[in-house]
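Participant: Using the sequences and the accompanying hints, generate a full structural model.
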Amino acid sequence: MAELRRAGVDVEVGVLADEAELVLRPWLTALGRGTPFVTWAYSADAEDHRQVPALDVHGYDVVVGPDGQLREGTPGGHGDTFVLPGELPQGSPEKVLQALYAAGVRSLLMLSARGLAELYANAGLVDEILVHLPGRAASSPGGELPSAGFRVSAVRRLEDHVLVRAQREDPPFRAR
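Counting along the sequence shown from 1, when you hit position 33 you're at 33 in the UniProt record's numbering, and nothing is skipped either side.
The reader is advised that the hints may include incorrect statements.
Distance ranges between label pairs, derived from CB positions [what the hints assert, rightly or not]:
#, residue 1, residue 2, range
1, G68, R156, 26 to 32 Å
2, R151, G59, 17 to 23 Å
3, G59, D18, 16 to 22 Å
4, G8, E87, 52 to 58 Å
5, V155, E21, 17 to 23 Å
6, V15, R157, 28 to 34 Å
7, G86, V152, 40 to 46 Å
8, T81, G14, 30 to 36 Å
9, V9, G91, 45 to 51 Å
10, G86, G14, 40 to 46 Å
11, G59, N122, 22 to 28 Å
12, R6, F82, 36 to 42 Å
13, E87, A2, 48 to 54 Å
Don't read these hints as lab results, they were simulated from the structure. For each residue, glycine too, the CB sits at the ideal point set by N, CA and C.
Facilitator: The structure is reproduced here in structure tokens:
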């Protein structure tokens, strides 16, 4: 910035800082703690929570399927920057996330049955939850909402369901 100022350019710091942090939150969180930002998506309507409606996965480095298989959010989108194992590495959730981070993963989407994702949530390693609720009449019972420790940050009506986005109440890293 000093170089810009010496060149006569007016520099303002902190303009739209909150908006920038919102957009960069997953990346900043991953860099700040050394593990990927973890999003867990599930359908509250499915018996086994495996049927998640179509979701745009292109914004995630890696997607973990219900079977534990790994794939890039954008196939081939990282070039040679990292090579994924075929499935989730073995070990404690913390060690698995550290290994994925070391391989270059900064954002991870779990499209998972409750068992696998709950291991990560119970260890405090899930940063965001996307709950797909069935599009029912207002008087019908609702589905399962995010667990304690999360706050609803957005609710959006989609074609045949409602998407509830919840964020951790105590983000593990805050850029400031």
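Participant: Next step is simple, just say for each hint if it's right about the structure.
Facilitator: Here is what the structure says about each hint:
Against the hinted window of 26 to 32 Å, the Cβ-Cβ separation of G68 and R156 comes to about 29 Å, which satisfies the hint. About 21 Å separates the C-beta atoms of R151 and G59, a value consistent with the hinted range of 17 to 23 Å. Hint check: G59 to D18, Cβ distance near 20 Å, so the stated range 16 to 22 Å holds. For G8 and E87, the hinted distance range of 52 to 58 Å is satisfied, since their beta carbons lie about 56 Å from each other.
Under the hint 17 to 23 Å, the C-beta atoms of V155 and E21, about 22 Å apart, fit the expected range. Distance hint check for V15 and R157: the Cβ-Cβ separation is about 33 Å, which falls inside the suggested range of 28 to 34 Å. Roughly 35 Å separates the CB atoms of G86 and V152, a value that falls outside the hinted 40 to 46 Å. Taken as a hint, the range 30 to 36 Å holds for the pair T81 and G14, whose Cβ atoms sit roughly 31 Å apart.
The hinted range of 45 to 51 Å is satisfied by V9 and G91, whose Cβ atoms lie roughly 50 Å apart. Look at G86 against G14: about 44 Å separates their beta carbons, and that is inside 40 to 46 Å. Here the CB-CB span from G59 to N122 is close to 25 Å, well matched to the stated 22 to 28 Å. For the pair R6 and F82, the beta carbons lie near 39 Å from each other, so the given range of 36 to 42 Å is met.
Taking 48 to 54 Å as the suggested C-beta distance range, the pair E87 and A2 conforms, at roughly 49 Å.
Checked against the numbered hints given earlier, this structure breaks only hint 7.
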